[in-house]
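**Student:** Got chain Z; can you put chain P on it based on the hints?
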Amino acid sequence: MKIQLKIALLFTLLCTSIIIALSCAIYYFANKEAFQDFFVRLELRANIAARANLAADEETAATFEKIRNEHLQQLPDEKEYIVQLDTLNSFVKSAVAKDLEPSFFDEILLNKRAASRKGFLFYEGVFYKNSKGSFVIVISAQHTYAKDFLANLRSILMIGCLISMVVVFSLGMIFSKRILLPIRNITRSVKKINATSLHERLLVKQGRDEVADLANTFNEMISRLEMSFETQNNFVSNASHELNTPLTGIIGEADYALSRPFSQEQYMASMTSILSQAERLRDVTKGLLELARSGLVDNFSMQPIRLDEIIYNVQKIAKQVYPKSHVEVDYSLYPDDSDQLSVMANAHLIELAISNIVLNSCKYSGQKHVVIALAVAGNDTVIIVKDNGIGIPQKDMGHIFDPFFRASNVQGTGGYGIGLPLTKNIVKMHNGTISINSKENEGTEVVVKIPIAHQ
Amino acid sequence: MKKILLPTDLTVQSLWAAKQIIQQARYQGALTIYVVHMIEMPSSINDLLSLGRNRKYPTMSPAFIDALQILRSKAAESNIAVHFEYVYGNNSRVLKNFMQGQGIAEVLLLNGYEYSFSQNVSVDFIPFFKRMKTAVNHIPFNIGNFSEFQLLSILLNNGTEEKNEEVALYTSSLAV
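Protein sequence lines correspond, in order, to chains Z and P. Counting from 1, position 82 in the first sequence corresponds to residue 82 in our numbering; the numbering is continuous, with no gaps. Counting from 1, position 49 in the second sequence corresponds to residue 1049 in our numbering; the numbering is continuous, with no gaps.
Next up, chain Z with everything else stripped away, as it sits in the complex (with noise of 0.2 Å):
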């Protein structure tokens, strides 16, 4: 069974049974209460007609009879008992009087009056005393008009109650419809959301409701889910561009130190120049594997590390990958105290970063300066990295953070557009900040912030 229709079918239960209650209250209480002016009534009548009958002289009692024929009309099966107090023990127990319990001639008694009632057969009993003696006078009729009038009651209430069930049902669907309808969007988005299009969210309405909260929670979901999936995806693509630098390099090496003879000592150069290229392979495919785990867990190894140390190292790596680069590291913001150098990071991984920032510079500046230069700025420290090269068009600008995406002025320059997608999940990973600022044939300013390593 649907929810929509559980929750209609409750709400027509709950309702009803509060209807149905109400109604048997009405019924119950309108049957009880809403007829003692008829025993007023029959007091009434049986005041005059014990006058009637009874009075001590016959003109009084002639003119109570004249009242009674003239002003009070018949009642349906209206009946009088007038009994004298010394047989009232012989009329209890005669037929007449089988549906009158005793206690209603004991009330007459102790009260001078008793009502009772059978049905809607009305009883009204009352005392009378004279000099004739004492009397008991019952009398008793058909309230025709109560029956009717409760006939009438319980129709309309039965056929209330099933109208308002019908109403209360169609409302408790619409209603739930309309409760269930942002559940039902959410499954509807859901829906068309697969591995092919996790970039897309769902619609959230402005409010803290517990159906925007599920959207929320639900986005949260897929970004995590996206973040993953990119991270598997591009691992392949992200792995061949890192190998390619150094293996470039090796092949290179031997390469040329096949072309040709050499003396021992230059082939001995040659040897140590692809061990390290090879180190850096092993280097960079340890990186890079973390760098999958990462999007995973959480838990790759973090130490202290320099970070002039890496630059140190970055600029050697460029030197290496562009023999006519110029490199230069700017001291003039250096702090003097070393310690506000230190980051918390995975020295691999960083490196990674720092040297994919300051390669893009040698690639994109051909032989013009690159500049590096450390900073302190409060808790973080500020790597800027500057060149005068080709610069990113200001229309790139949204997208160079996108994987795949290259810039629209870079054509003829190898490359995957890797590199920068990479270099920021590494720095966020690190908990830092990277913001870049360019003009197309000018040059571009990449700024990496890492917060320092407090001991």
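Treat the hints loosely; a few may be bogus.
[Unchecked claim] Cβ-to-Cβ under 8 Å is the rule here; a few derived chain Z residues that face chain P: (1) Arg-113; (2) Ser-332; (3) Leu-333; (4) Val-376; (5) Ala-377; (6) Gly-378; (7) Lys-386; (8) Asn-437; (9) Gly-443; (10) Thr-444.
Just so you know, the hints here were simulated from the structure itself, not pulled from any lab data. Each residue gets a CB set at the ideal place from its N, CA and C atoms; glycine is no exception.
**Tutor:** Positioned in the frame of chain Z, the structure of chain P alone reads:
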């Protein structure tokens, strides 16, 4: 202790002079640089009483904040303090009062730099210095040496400073 006022239009360029002083004034004794930006006095009574929440301050770019922090940490090493202050008001008397209060003896302006006070609440207070008796020093700043894309890298050595004798002369004059 010497105190210098350095007007700023909340750009990294306007902090360039501070960098030069910090770099060259090493071991020359205690110095305080007041980086000052002037903004309009609040006009509503609420703001006057409580500097309320709706008070509009000029927006500082993240690069300016970073630059200020970098300069502050760097300056501390050479016993130089860098303070950033807003001065409320729009006339030279307020500025003069502030300078007297802080005991500032010198103003340092960038020659050849066009200060731009484009934000609503900012006041162009550079002309006020002309009317003051306080010593106003100018050091040359060639905006042509810098490119539009440069933010924090303005504070680096861009290869021109060494030739800038006037800067060297000025900073050496700061020696106590």
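**Student:** Does each hint fit the structure? Answer for all of them.
**Tutor:** Each hint, compared with the structure:
no., hint, result
1, Arg-113, "81 Å, violated"
2, Ser-332, "5 Å, holds"
3, Leu-333, "6 Å, holds"
4, Val-376, "5 Å, holds"
5, Ala-377, "4 Å, holds"
6, Gly-378, "5 Å, holds"
7, Lys-386, "4 Å, holds"
8, Asn-437, "5 Å, holds"
9, Gly-443, "6 Å, holds"
10, Thr-444, "6 Å, holds"
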